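Note that our numbering gives residue 95 to position 95 of the sequence shown, counting from 1, and the numbers run on in steps of one.
Hints are computed from structural coordinates only; laboratory data are not their basis.
Some hints here could point you the wrong way.
Stated by the list, open to error - Derived lysine-lysine pairs resembling DSS-like cross-links, with alpha carbons at most 25 Å apart: (1) Lys142 <-> Lys152; (2) Lys142 <-> Lys54; (3) Lys127 <-> Lys104; (4) Lys152 <-> Lys127; (5) Lys127 <-> Lys52; (6) Lys142 <-> Lys127; (7) Lys104 <-> Lys152; (8) Lys52 <-> Lys152.
Quick caveat: nothing in here was measured; it's all calculated off a predicted structure.
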Amino acid sequence: MGTVTLLSNSRNVPNQLTINDQEAHRGGEGSIFFTTDGRYVVKIYHHPSSDKQKLLQHVLDLGRNLGEDEQFLAWPLGIGDRFNGQSNVGVVRRVPASHVPLYKLIYSPRDAVEQFRQGRSWLEYLKIARGTAAAVRTIHGKGMAHADIHFKNVLTNSITEKPQKRYP
Numbered sequence: 001m002g003t004v005t006l007l008s009n010s011r012n013v014p015n016q017l018t019i020n021d022q023e024a025h026r027g028g029e030g031s032i033f034f035t036t037d038g039r040y041v042v043k044i045y046h047h048p049s050s051d052k053q054k055l056l057q058h059v060l061d062l063g064r065n066l067g068e069d070e071q072f073l074a075w076p077l078g079i080g081d082r083f084n085g086q087s088n089v090g091v092v093r094r095v096p097a098s099h100v101p102l103y104k105l106i107y108s109p110r111d112a113v114e115q116f117r118q119g120r121s122w123l124e125y126l127k128i129a130r131g132t133a134a135a136v137r138t139i140h141g142k143g144m145a146h147a148d149i150h151f152k153n154v155l156t157n158s159i160t161e162k163p164q165k166r167y168p
């Protein structure tokens, strides 16, 4: 188990989180870990720039103005500054109650066939696409932009088909 210590300005998140040792995902920018209680996801940056923490603070502050729109976005709730006692930069988000990574639904024709076999329809895919567009419109309407819109960065609620942006 690992420990992430957060800055004091976090929103409704404990000051310290325990994360699993195993990375859930490793990308070019950072590694993704889930907390042991399954409530939060933490991204630990591999080689953060000197101003990364300041940039994340700005993103965190912008999220305070989202209001009800925040339910459609996996917006950062806190900034990690220590990982296992070592100085580092990370970001924390909540994990949606029921979600499926979008790429699991559309990555290959085989995945699509399996989804249709399980009862999904084109209407559900249309709802997901419309919801994704609405989430992006919400961000843009607040004067913000997403740094990496990609199907691997979108989660969809498997019950409501409402998308949530995953990692900024």
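Going down the list of hints, with the structure as the test:
1. Lys142 <-> Lys152: holds, 23 Å
2. Lys142 <-> Lys54: holds, 20 Å
3. Lys127 <-> Lys104: Answer holds: Lys127 to Lys104 is near 16 Å, not above 25 Å.
4. Lys152 <-> Lys127: holds, 18 Å
5. Lys127 <-> Lys52: Distance of about 35 Å is beyond 25 Å: violated.
6. Lys142 <-> Lys127: Given that 25 Å is the threshold and the Cα spacing comes to 23 Å, the pair holds.
7. Lys104 <-> Lys152: holds, 9 Å
8. Lys52 <-> Lys152: Answer holds: Lys52 to Lys152 is near 22 Å, not above 25 Å.
Hint compliance for this structure: hint 5 alone is broken.
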